[in-house]
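First to last, the sequence lines map onto chains C and H. So my numbering is basically just the index in the first sequence, starting at one, shifted up by 117. So my numbering is basically just the index in the second sequence, starting at one, shifted up by 117.
Worth flagging that the hints you see were computed from the coordinates, not collected in a lab. Keep in mind that a hint or two might mislead.
Said to hold, decoys possible - Computed list of lysine-lysine pairs in DSS-like fashion (alpha-carbon distance at most 25 Å, straight line):
#1 C/LYS309 x H/LYS186
#2 C/LYS319 x H/LYS309
#3 H/LYS309 x H/LYS277
#4 H/LYS186 x C/LYS277
#5 C/LYS186 x H/LYS309
#6 H/LYS186 x C/LYS186
Claimed, not checked - Listed next, the stretches of chain C that the computed footprint assigns to chain H, with coverage defined by at least 3 CB atoms under 8 Å from CB atoms of chain H:
#7 176–187
#8 233–241
#9 251–261
#10 264–277
Please read all numbers here as calculations on a predicted model, not as lab measurements. Note that the Cβ used here is the ideal one computed from N, Cα and C, for glycine as well.
Protein chains: 2
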Amino acid sequence: MLRKINVGKRILSANDEFALENSRLLADHKLLCFNMISSPGSGKTTILARTITELKASLRIGVIEGDIKTDLDSQRIRRTNAPAVQIETGGACHLSAAQVAGALANLPIAELDLVFIENVGNLVCPSAFQLGENAKVVVLSTAEGDDKPAKYPGSFANAKALIVNKIDLLDIPGLLDFNIERVRTDARNLNKDIRIFPLSAKTGSGFAAWCDWLGESVLRGR
Amino acid sequence: MLRKINVGKRILSANDEFALENSRLLADHKLLCFNMISSPGSGKTTILARTITELKASLRIGVIEGDIKTDLDSQRIRRTNAPAVQIETGGACHLSAAQVAGALANLPIAELDLVFIENVGNLVCPSAFQLGENAKVVVLSTAEGDDKPAKYPGSFANAKALIVNKIDLLDIPGLLDFNIERVRTDARNLNKDIRIFPLSAKTGSGFAAWCDWLGESVLRGR
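So here's chain C without its partners, still in its complex pose (with noise of 0.2 Å):
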């Protein structure tokens, strides 16, 4: 007896099985999720921890923390009192969609407009990997350098947002040499729609804009 076979379904990676997974679940409960990608020591928890302060009158916010060891960064996040899950991924560059199926199991999602994946620091692997959020938003902070779109292409390519962080730093005069311009230009020619928001989440110069379009992304998903 032969057995038919479905050769126009696209095979999954067991990866995006459960990102697809992921995604459902999400869209069940229109809960917009962003996945943030970065260098190690751009900013990315800060950012989030004044994101989750400067709204939390008008959006509730959900934090899945990626590190390879210690959960000082879900600390962090719960100190603002909002809901914090800790993956540590024990050696892996990158969070799977696996991990984040089961950190989500772990956050009061029916009571959240908004959930942020914080993936491991590295501005190469993650941006490979579906997790099953609605966008990923890369970091790039000032002292890095304005050379990094170019040469870091993958990630910049594939995202919805960049943050360029730190931009306090620029008011130093001759501390660093970065021109924002240079990056705006190399991030555009990888993705010509990719929404730049200069920032410091230190000082919170240039939150507005950010914050602004997580409400309206959030109200525009629903």
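With chain C held as given, fit chain H onto it using these hints.
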């Protein structure tokens, strides 16, 4: 007929085979090789350019530059008049020993004392791949934060030396919340013999100890 298989021999991965060949080639030429690992933007290329310039009277240094895309870094090194070969990985998150073998064939190794391999900017993946180097050097910049050895232990556990770069930023009151003693403690907990060099590749502060250590390392290797 039975074929005799020597199960006592360790089976090397393809990468480790190339790494072993590289290490033999380097030993034949009494050439010391350091593999530099860090996040994007920690200042590896600036450190190398200054090191080459400060040591040009005593050490002949060549560089293998690894990037996902662009030859910006090898152009910067060549401006110091040192030989530099660029590897563009085209997406891969770390250098392989086979890529380094190809690059070594394009460097004037008979005329050199020391070769630096500047790995792809990534604090996670490169530390897991041997390239045939004598030792790894990990770079952390103060702008990345003092929690990085605890959060990314692999790269710090496997390195012979740690450069803490951009210490000039610590002189600006209130700019960074970075405790270098926390870095020392956490790095030594992972790796009790790691050498730690706080320096600024921009101002040259702290460079003497780093350059002395390189000179001694080359002498010891002969």
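Checked hints:
1. C/LYS309 x H/LYS186: holds, 19 Å
2. C/LYS319 x H/LYS309: violated, 34 Å
3. H/LYS309 x H/LYS277: Status holds; Cα separation ~10 Å.
4. H/LYS186 x C/LYS277: holds, 21 Å
5. C/LYS186 x H/LYS309: holds, 19 Å
6. H/LYS186 x C/LYS186: With a Cα-Cα distance of about 29 Å, the restraint between H/LYS186 and C/LYS186 is violated, given a limit of 25 Å.
7. 176–187: Satisfied; 4 residues make the cut.
8. 233–241: Answer holds; 5 residues pass the 8 Å Cβ test.
9. 251–261: Per the Cβ count (3), the hint holds.
10. 264–277: holds (count 7)
Against the hints set out earlier in the document, violations occur for numbers 2, 6.
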